[in-house]
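*Asks:* Spelled out from the first residue to the last, the chains are:
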Amino acid sequence: MGSEMTTHVYLGADYVVSSGGFGTEENLRNIEAYRSGVIRVDDLSLYGDPFLAGRIDPQREGQEVSAAGITEGTRLEKLMQLIIERVLALSGVDSRAKETGLIVATTKGNIDLLRGGMDPGQEVYLSELARRVAKRTGFVCDPVVVSNACISGVSALIVAGRLIRRGDYRHVVVVGGDLLTDFVVSGFQAFKSVSRGLCRPYDRDRDGLTMGEACGALLLTADRQRALSPVVEWSGGGISDDANHISGPSRTGEGLCFAIRRALEESGIVARQIGFVNAHGTATVYNDEMESKAIAMAGLSEVPLTSLKPYFGHTLGAAGVIETIVCAAQLRRKLIYGTLGFEHEGVPCPVRVSARHAKSEAGICLKTASGFGGCNAALVLALEGAANPVVEERSGAVRMKASCGLQPQGLPFGEMIRGEFRALESPNLKFFKMDDLCKLGYVTAEKLLRQVPGSIRPAPERIALVLANRSSSLDTDLRHREILDTHPREGASPAVFVYTLANIVAGEICIRQRIQGETTFFVQDCKSMTFLRDYARLLLVTGAADAVICGWCELLGTRFESEFEYWDITK
Amino acid sequence: MEELILKLKEQLIEALNLEEITPEDIDTEAPLFGEGGLGLDSIDALEIILILEKQYGIRLENPAEAKPIFYSVRTLADFIEQNRK
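Sequence order for the protein chains is G and B.
Mapped onto numbering that gives the first Met the number 0, the consecutive letters of the first sequence carry residue numbers 0 to 570.
Mapped onto numbering that gives the first Met the number 0, the consecutive letters of the second sequence carry residue numbers 0 to 84.
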């Protein structure tokens, strides 16, 4: 652990590759000209019927990658390498220095390479993807992988800022990337959440999201010399969970509001100082409803609200990174980008949305994201001096109150977990609907928390859940893949697809245990309780949480292992 | 009709992973969603749409019309009876 807390974290060089072009500048030019990158995709390898999506131009991609001399790796690895190299070159930061870190945000990584069968190749492990990319771009530090559904990008930026503040790194390159794949497209189609036309966030005629693919890289740094000008600071962040449903957004907006409040608090600002909010704005009926409620609850109804999804589509793990880059650009250019296609407001609480770009004197903006598993994230960016970040360490003693784990003991997983569940004598029909990874986490968390009396547990929004594993959701990814391969015409099963995200296990635990604080899911090459304990300690001493459940929750095929710990801090 | 109802219950149990529940446990008239009854949710609703498509060749064009149809096993069976091809 670092010895000194750094107050200021700056936004350095950035690079975006999306359907809006190569490089941040080209993407911004297209947005400023109200040009969407979304096109009609007619590709049987992605989906049986044509659909609208933001797709990276394949020809451009080939040219850019080969011009950069990148020959090795999968499609996503090459794109990530390309944009990391650009950010390193633009900023002059040395990836070979120990003070430089790399955080990778992705939901599905190289999932386009997953084939049926029980022995997936190395490349589909998210930690392997990160390791390869880090190696090819010269990093000596081990990369950190965050896979937290659609908040992955914002989550990774929040983690990065915190690690810089703690002194673990001086610079961190955060790279977010996800591709359009039949794996994901089929799932969203089965969820009936894909819009017929271009998505229309907050509009009364919205009928779903538009998919997209993108990669973005952004340097966060403690070194003001490396900041882009005008200087924008990472001021504070918050993450929360709805503890309501694993795929449906909260009906109250309370969860997102918790994340926003925490981000404001950490930034030392109040709601009226915010110049604009760039929310997730997927344009599904319920997401946008939920956001309008959260925004009202957070006292932000009067603040301009925008969504960038009509320009790029929903780019999953990349979304938080590329949209944060565009937010910083808006602060620097004194502009607020309009929400393309918006006409008539159609959300339950009033919001200030406009289709047109507007001039702005905003010094501070708020970026939010929400995703499956009920997770929400909020990040405050501010022009230098506009916010007043609170960087204090609490002096209480951090201590472990309980621990619990499950390992194979001769019984097959199904039999073991059923026995453990019955022994809890707490029937719950929902348990049987979960995939095996969730069952493992659910039972482990229940056993752990039975050791912690309710009287010493803090409020739901003050408890965090930080999990990690090696195989993310591969066990269910294989099932989903098999369904697609064996029934290509019938399509995906929603009840299977929803579990193809690593962090759903955290969502299930939050629902059961009523945990509404931060959930963050890391993917590691091998189990490191030290890393998780360090992160738990960080959340406790910085006041991001008053109790943290951290642990390892790994399952693939017949192999499984869980180890959870409950940590808190004395007053 | 009784045969269809039994079949439907078996298909629901299979598709929705309702382990530890038998067709006899499901009340034909009771609400499928929300508190009481089976407590199904939105993901289950999507799976029921798939049962209609795959097993009975019925496409629900507008998910909004699903609510009264999905009320109970009885209403679902009535709908299938009227629309199956």
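Hint data in this document are derived by calculation from the structure and do not stem from the laboratory.
Idealized CB from N, CA, C, for every residue including glycine.
Wrong hints could be hidden among the right ones.
Claimed, not checked - 30 Å max Cα-Cα, derived DSBU-like pairs, lysine-lysine:
1) B:Lys53 <-> G:Lys446
2) G:Lys97 <-> B:Lys53
3) G:Lys191 <-> B:Lys66
4) B:Lys66 <-> G:Lys333
5) G:Lys570 <-> G:Lys134
6) G:Lys400 <-> G:Lys570
7) G:Lys446 <-> B:Lys66
Claimed, not checked - Here are a few chain B residues that sit away from chain G, every Cβ distance over 12 Å (derived from the structure):
8) Tyr70
9) Ser71
10) Phe78
*Asks:* If a hint holds in the structure, say so; if it doesn't, say that too.
*Replies:* Taking the hints in turn, this is what the structure says about them:
1. Taken as a hint, the Lys53 (chain B) and Lys446 (chain G) pair is broken in the structure, with Cα atoms around 40 Å apart against an allowance of 30 Å.
2. A C-alpha spacing of about 56 Å is found between Lys97 (chain G) and Lys53 (chain B), which places the hinted pair above 30 Å, so the restraint is violated.
3. At roughly 16 Å between alpha-carbon atoms, Lys191 (chain G) and Lys66 (chain B) fall within 30 Å of each other, so this suggested pair holds.
4. With a CA separation close to 47 Å, the supplied pair Lys66 (chain B) and Lys333 (chain G) exceeds the 30 Å bound.
5. Note on Lys570 (chain G) and Lys134 (chain G): the hinted pairing is violated, with a Cα-Cα distance of about 43 Å set against a maximum of 30 Å.
6. Between Lys400 (chain G) and Lys570 (chain G), the direct Cα distance comes to roughly 15 Å. Compliance with the 30 Å bound is thereby established for this hinted pair.
7. Restraint check for Lys446 (chain G) and Lys66 (chain B): not satisfied, since their Cα atoms lie roughly 38 Å apart, outside the 30 Å limit.
8. Consistency note on Tyr70 (chain B): stated as away from chain G, and its beta-carbon is indeed over 12 Å from all of that chain's, at 19 Å minimum.
9. Every CB of chain G is more than 12 Å from the CB of Ser71 (chain B) (nearest about 17 Å), matching its label as outside the interface.
10. Against chain G, the non-interface label of Phe78 (chain B) holds: every CB pair exceeds 12 Å, the least being about 18 Å.
Consistency note: the structure conflicts with the earlier hints numbered 1, 2, 4, 5 and 7.
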